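Chemist: So the chains spell out like this:
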Amino acid sequence: MAPSLEAPEPVEDVLANPLKQKPNLVAPEPEHCPGPESEQAGTADSCAGCPNQKICAAAPKGPDPDIPLITARLAGVKHKILVLSGKGGVGKSTFTCLLAHAFATNPDSTVGVMDTDICGPSIPKMLGVESETIHISAAGWSPAWAMDNLAVMSIQFMLPNRDDAIIWRGPKKNGLIKQFLKDVEWGDLDFLLVDTPPGTSDEHLSVNTFLKESGIDGAVMVTTPQEVSLLDVRKEIDFCRKAGIRVLGLVENMSLFVCPKCTHASEIFQATTGGGRALAQEMGIPFLGSVPLDPRIGMACDYGESFFDSFPDSPACTALKGVVRELAGQIGLDAEDVMPE
Amino acid sequence: MSLSKVKHIVLVLSGKGGVGKSSVTTQLALSLSLAGHSVGVLDVDLTGPSIPRMFAIEDAKVTQAPGGWLPIIVHEADPSAGIGSLRVMSLGFLLPRRGDAVVWRGPKKTAMVRQFLSDVFWDELDYLLIDTPPGTSDEHISLAETLLQKARLDQLAGAVVVTTPQAVATADVRKELNFCAKTGIRVLGVVENMCGFVCPNCSECTNIFMSGGGEVMASDFGVRFLGRVPIDPQFLVLIETGKRPRYPKGTAVNGQDISTPSQEQNGVDETKDAALLVHKYPACSLAPIFKTITADVISAVQVIA
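Protein sequence lines, in the order shown, are assigned to chains A and B.
Per the UniProt record's numbering, the first sequence starts with residue 1, numbered consecutively.
Per the UniProt record's numbering, the second sequence starts with residue 1, numbered consecutively.
Quick list of in silico lysine-lysine cross-link-like pairs, BS3-like style, CA-CA up to 30 Å:
1. A:Lys172 with A:Lys212
2. B:Lys7 with B:Lys280
3. A:Lys261 with B:Lys243
4. B:Lys150 with B:Lys5
5. A:Lys242 with B:Lys61
6. B:Lys182 with A:Lys172
7. B:Lys150 with A:Lys172
8. B:Lys249 with A:Lys261
9. A:Lys61 with A:Lys172
10. A:Lys78 with A:Lys242
11. A:Lys172 with A:Lys54
If you want the ones that stay clear, here's a sample from chain A, every Cβ over 10 Å from chain B, calculated:
12. Glu39
13. Gly76
14. Ser137
15. Ser142
16. Glu213
17. Asp313
Residues from chain B that keep clear of chain A, each with C-beta distances beyond 10 Å, as calculated:
18. Pro79
19. Gln149
20. Ser285
21. Ala295
Calculated directly from the structure, the hints in this document are not laboratory data.
Quick caveat, the model's predicted, so the values are computed rather than measured.
Note that CB positions come from ideal geometry on N, CA and C, so glycine has one too.
Work out the full structure, taking the sequences as your base and the hints as a guide.
Modeler: Below is the structure:
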């Protein structure tokens, strides 16, 4: 029989089940598997008849022993900010990089960027550290440094060839994210920015579970103005609500395009339903601002340069600075400290 | 298997999100339908389904028949006009509320993908287009596994890979091409989307996301380059509001004049009716471009079959 999704989504269930080392299964997980690492593993109704039942039932239960290690590792990190969006290609990575550069303009702050997009890592290219590799020492993995005070970690650093595909299912991705948090020598950071892939799946659940104990300041949502994109972002806000992640605010990216020849402003991605501002109002979350579509941002990303340094006088730059200031206010910081003029 | 009556299965893939997989799928479906083929669209983007919105059928609900699901009919075949039927299946139809998040881990997504492939009654179809989420993970592995196991060799035609021109996007899409190579899925060709935007005021073309990246990538990997698709806000307006695309006088695509005749203002069909989409789409500037792309895809499929 075909299953129906009319029943309420068991999101709480998924969120309540902390991730642990997955036991070695003898068969693939069945559809209604409670998760081999969950509390009900081996004892749930759907486990009856599953060849893995004994293995799952014997697996150690209780909280993940690695979470205290993660918390200890990240003890020196003052603020942890997630960058989320249900939709792909709206500028999560671009915004993460711009935010990192903005925070790093204060030489006294140290910023870390963690790229949890395992299948499509963009951060290394955008920060100009694509050719870096990871160094492993007794203290842990050393991140790559894009600037003196900007550390980066991404799966891209571990690939033998730049174009290699990472064909991984969920559990393997979760394992790597855990290592990024547990084994990377982040040191004392003022900000740790976590860039995520689109959607609401394994990576998002893992980041949330692993960081819950050490405290997440909140999440910044990125969207583009059209309804097709808002639709997915709405789902992501719903996810944050259910997972108990504070939404620091919504940024509308690619809002207007100003023709370089005639300065006519066009709405390329038309906000037929009111755009990001209306969505923020509807969902009751702060609206951080709109950033216009400037081809030079994309170009700066392709070359791994800082847009703030390359084009400090452009309108997009002014808009971005406004967004960063708003965001600083949301996490209770003085905008002047975060990004001095 | 419910795919037994499907002649050709075409995947629409991209390693990068937001490059236009769903809009390319939509336009391929419309163009194939306009060419007289019967088309099905399967949306396996489980955590962010966009296809229902694209076809203006967000409120539709799937009907349960004994042993499977019936897809949503966008429009029936119209042999007199040479239009083939169009059917759609998406996870979006199964959600109680449209804003609900689907928070699923891998195994559940895998199960749902398998079910989508086996339990939907497609009936006779010339083409089944499968729209995918970005990446190379659970959905893609399951899709590739299931199709390679269950579909007949001549059924699985291959994949259309979508990218945007900038280096950040092609970097991810190169990974997707390697995924295809590893899993043995043929690449029918590469579409370079969002290449250039023509200012509606002065007709100056700006390459917002640069230009040519997709073509370079296609030649690097030795796959066919299907063409460049510019950004046309009128297509989005058509999708979002159902307004027939209108262009100022003198607008031309590939030398063909597509400007709206002045007497043809405010038509009567300006509603968001899904059945009318196929009639309004030819007025869009992207339609002739997709006609060529579709013809290329069809010929690539025929060579294989």
